[in-house]
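Listed below, chain by chain, are the residues.
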Amino acid sequence: MDINDILQIIVAPTTAAFALAAIGLNFHYGLTGLFNMGQAGFMLIGMYGYAITVSQGGSMWLGILISLVGAVLFALFLGWPTLRLRGDYLAIVTIAAAEMVRLIGRSQWLKEWTGGNTGLRGNQFKPPFENLSPFQPPRIVESGPFSFHTTTWWLMLVAWIAVAVTAGLFWRLSKSPWGRVLKGIREDEDAVRSLGKSVYSLKMQALIIGGVLGAAGGVVWAHGNAVQPDSMGRVTTFWIWTMLLLGGAATVLGPILGSVLFWAMFVFIKQLAPLILPDLPPQQIEPLALAFVGVGLILLIVFRPQGILGDKREISLDA
Amino acid sequence: MPDMKPNLFANVEAKPGSAKPDPIIVADGITRQFGGLTAVDVDHFEVQRHAITALIGPNGAGKSTFFNLLTGFDSANTGTGTFNDMKLDGMSSANVARAGMVRTFQLTKALNRMSVIENMRLGAQHQSGENVFTAMLAPLWRKREDEVTAQAEELLDRFQLLDKQDDYAGSLSGGQRKLLEMARALMSKPSMIMLDEPMAGVNPALTESLLDHIVALKDEGMTVLFVEHDMHMVRRISDWVVVMAQGKIIAEGDPHAVMANPAVQDAYLGSHHDTDLFEERA
Amino acid sequence: MRDAAKTELNARQFPLRAALLTTAAVGIITVMSAVPARAVELSTEVADPVVGAQTNLFLQNLLNGVTFGLLLALASVGLSLIYGTTGLSNFAHGEQVTFGAAAAFAAVSAGIPLIWAAVIAVIAGGATGWLQDTILWSQLRKRRVRPMQQMIVSIGLALVFVNLLQIWMGAQRVRLSVSIEERTQFGPVAIGPQTLISMAICVVALAGVGFFLQRTRMGRATRAVSDNPALASATGISVNRVIRLVWILSGSLAALGGVLLALYENTSDFSAGSRILLLMFAAVTLGGLGHPFGALVGSLVVGIVAEVSTVVLPTPDLKYAIVMGMLILTLLVRPQGLLGKKERVG
Chain A
972 MDINDILQII
982 VAPTTAAFAL
992 AAIGLNFHYG
1002 LTGLFNMGQA
1012 GFMLIGMYGY
1022 AITVSQGGSM
1032 WLGILISLVG
1042 AVLFALFLGW
1052 PTLRLRGDYL
1062 AIVTIAAAEM
1072 VRLIGRSQWL
1082 KEWTGGNTGL
1092 RGNQFKPPFE
1102 NLSPFQPPRI
1112 VESGPFSFHT
1122 TTWWLMLVAW
1132 IAVAVTAGLF
1142 WRLSKSPWGR
1152 VLKGIREDED
1162 AVRSLGKSVY
1172 SLKMQALIIG
1182 GVLGAAGGVV
1192 WAHGNAVQPD
1202 SMGRVTTFWI
1212 WTMLLLGGAA
1222 TVLGPILGSV
1232 LFWAMFVFIK
1242 QLAPLILPDL
1252 PPQQIEPLAL
1262 AFVGVGLILL
1272 IVFRPQGILG
1282 DKREISLDA
Chain B
-6 MPDMKPNLFA
4 NVEAKPGSAK
14 PDPIIVADGI
24 TRQFGGLTAV
34 DVDHFEVQRH
44 AITALIGPNG
54 AGKSTFFNLL
64 TGFDSANTGT
74 GTFNDMKLDG
84 MSSANVARAG
94 MVRTFQLTKA
104 LNRMSVIENM
114 RLGAQHQSGE
124 NVFTAMLAPL
134 WRKREDEVTA
144 QAEELLDRFQ
154 LLDKQDDYAG
164 SLSGGQRKLL
174 EMARALMSKP
184 SMIMLDEPMA
194 GVNPALTESL
204 LDHIVALKDE
214 GMTVLFVEHD
224 MHMVRRISDW
234 VVVMAQGKII
244 AEGDPHAVMA
254 NPAVQDAYLG
264 SHHDTDLFEE
274 RA
Chain C
-2 MRDAAKTELN
8 ARQFPLRAAL
18 LTTAAVGIIT
28 VMSAVPARAV
38 ELSTEVADPV
48 VGAQTNLFLQ
58 NLLNGVTFGL
68 LLALASVGLS
78 LIYGTTGLSN
88 FAHGEQVTFG
98 AAAAFAAVSA
108 GIPLIWAAVI
118 AVIAGGATGW
128 LQDTILWSQL
138 RKRRVRPMQQ
148 MIVSIGLALV
158 FVNLLQIWMG
168 AQRVRLSVSI
178 EERTQFGPVA
188 IGPQTLISMA
198 ICVVALAGVG
208 FFLQRTRMGR
218 ATRAVSDNPA
228 LASATGISVN
238 RVIRLVWILS
248 GSLAALGGVL
258 LALYENTSDF
268 SAGSRILLLM
278 FAAVTLGGLG
288 HPFGALVGSL
298 VVGIVAEVST
308 VVLPTPDLKY
318 AIVMGMLILT
328 LLVRPQGLLG
338 KKERVG
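Those sequence lines, one after another, are chains A, B and C. The first sequence begins at 972 in my numbering and counts up by one. The second sequence begins at -6 in my numbering and counts up by one. The third sequence begins at -2 in my numbering and counts up by one.
Warning: the hint list may mix true and false statements.
[Claimed, not checked] A partial selection of chain A residues facing chain C, derived with a Cβ cut-off under 8 Å:
hint, residue
1, L1033
2, Q1079
3, Q1255
4, I1272
[As the list claims (entries may be wrong)] Here are the simulated SDA-like pairs of lysine to any residue, each with C-alpha atoms no more than 25 Å apart in a straight line:
hint, chain 1, residue 1, chain 2, residue 2
5, A, K1146, B, L130
6, A, K1283, B, I110
7, A, K1082, C, L310
Bear in mind the hints are in silico, worked out from the structure with no lab data behind them. As the structure is a computational prediction, the values presented were derived from the model and not from experiment. Beta carbons: idealized from backbone N, C-alpha and C, even for Gly.
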């Protein structure tokens, strides 16, 4: 049992990336009640937007701009037909749209831009950000139980600051009159319409903000891993949902807590499995851990939909 | 009995679609069909300003549908209408509310998962904090929020809900939630309030106080239109009654005259099937 | 007041729309088969056809589309039935399909002949449906867990199943039958006996479902529950029994679909059903959520569009992206699908 592995994953860029995506989903579902089942699609749009721009010669800032604009356009594309429809229709459209992005991204058709099904390698898009790192020269740095390469330390610094800023944004907005209207929409749209509010445009705003955060999470994730369309499928979206529900939807810290606990428990189960089931072949450990994620999601949604930090009285699960 | 003020309806004819001296709503040729069924077919309809009008009729008369058409929650197949001389055609329910016509719902829509005071604050208009960009900077909307809170507390006090302001609306009794919905609708200082069966499911002890609140609205200069089955309420507080049956307006008049109208009695009791309703009225 | 509401779909318009669609499809086919088809790299996910000198690529793709559509229909009709009777969008349905192939493979590996292995798989599939409803879904209904919550439960279940299937089957591809199908040329198209038999099985099974729904008492009860559970219950129908039967039926049909799909694609793996889940959703949505006949219509459209589109797409691996686009377009333009009623939406 290696506690260091668990500690490492808690602060790792992947955890921060998913925290960002989960905060984005919190705007969608926690605040507004939108069943966005395509958050992985937003992450993918973010990472493609950034990586393609940079790999084709653009600057880092242009890359960020393109990825954010891409997220906004994707949100508009998703929201325009479906924000007027019932909840499970939005769920199906968002899944289909995210899948479409993945299929197009991994296809041979756009291979010279997206790298097809193998995606884009790190050296094609990571250097501009990595070169900004103040931790020179590049080497492994140990601090307490943590041991990372300097580029990872740099990425973690930026990523976790972004998480803190977006958590603050969620706090500020959810406590504002804007947040109040969305909470009303979450519960009963007709009531809110009868009070003179433009329900459709408010929902679209939430969709856009949450989507942009998903894209930001995607950019961070790509820097910590690579641009790989098959890693951003339906299952990834379901993980983000699990994290959000685990930590507590509609709370400020819930998504962050959810991401941290999710990855910590994932590593923990992977370490525990060979001890309890010594005959289990190593390549089956990860599927076993993921099966537990599924069980966890079921138990959460049935018995404790408000998660760890949530308030039961506030949770709404209606379409 | 309406109290002793100049009778606004002194010179109004007691017939369907009659003209009113100062109408706040005027509607023409409104029809609504569902499949093959005509739910509403109203030639002409006017609502007098600063008065309490009741819309009554047997089940299936089309009252609720007509109500939804007027408030923008449903779209008519044909017809036009104005509210305060503003065209209602094509107006969404949100815009109708912003124009000054608010409504309540038969199945009370108090937002149960929000506190009473938050429900009230939601009812206010012109809160710049509801704009996502302004929302990010608290000082920009703080002042308006304080105004809204003060107005909310005043209304809650009037409806005797002030001590419950921090409770979740879901924890209130059914009658209290009805009062909350009404109080919330008043936050935007509307010129007209449309009540959808306000007495539905209200216990008798609360009925009197609810009636007093509605009459008080008229005293403040609001126009009230309500759909009801409760004849006691209709007789008690309405200045004018409109009767619908089978999608059409079959009678209008002051509460007592209308009740005595044989056509109205037929519509409710279903006797005299062989007689044409419209002939009776002539 | 807003102007002119749209008219609603009349039950009598279903056959008319289906006929119009078929006529339009036939018309397009006739026009396109006159267009010389260029040699395209055919998708590796469809069994490679024998490209004889006379094979018209377009018509071959059309036939492949119809074949795949029938298989998809068999796999997805259960999804539609479950949505119709319980309102649940079952995200674990893909794994029901994989399970059929996995169970058949396990039986074949134990030495059981293919036919019997398929029968075992179908029975096992029905059993998993029964188990799911008994242990999980009926309990959730009793606790009045809301539809969206149940949808998320099905998502969790999908995660559990797909990973358990991976543990059971391993990560490699498996073959149900070692024989390679020999295709015969029929004019402009080529097809093999195994595929023809599979198609026949699909047609028979789907006809059986149709007969069940239209002519049997239990089938009529199923349609009543789909339409209005409260009313059905009030007329004495045991809604829970109907739903349990639907789960068993759905599991069996999905398993059969899984076996036939595995045969059609020559190989299968733990994610086979998962990969077609969204295609099944597209089919069911396009046909009309809750209409079993809609699952057939939708599946055929999905299959044909997917295969025929490879003729014009820049690369054939985009064909499922086209189907996703079609799904989104359907929800945009006609959310109730081809056969659905307008009230089910919004």
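Given the hinted pair K1082 of chain A and L310 of chain C, is their Cα-Cα distance within 25 Å?
holds (15 Å)
Hint check: is the beta carbon of L1033 of chain A less than 8 Å from a beta carbon of chain C?
violated (27 Å)
With a cut-off of 8 Å on the beta carbons, see whether Q1079 of chain A makes it to chain C.
holds (4 Å)
Hint check: is the beta carbon of I1272 of chain A less than 8 Å from a beta carbon of chain C?
holds (5 Å)
Does K1283 of chain A pair with I110 of chain B here, judged by a C-alpha cut-off of 25 Å?
The hint holds at about 19 Å.
Does L130 of chain B lie within 25 Å of K1146 of chain A when you go C-alpha to C-alpha?
holds (11 Å)
Q1255 of chain A as an interface hint toward chain C, with CB separation required under 8 Å
With a minimum Cβ separation of about 5 Å from chain C (threshold 8 Å), the hint on Q1255 of chain A holds.
Hint compliance for this structure: hint 1 is the single one not met.
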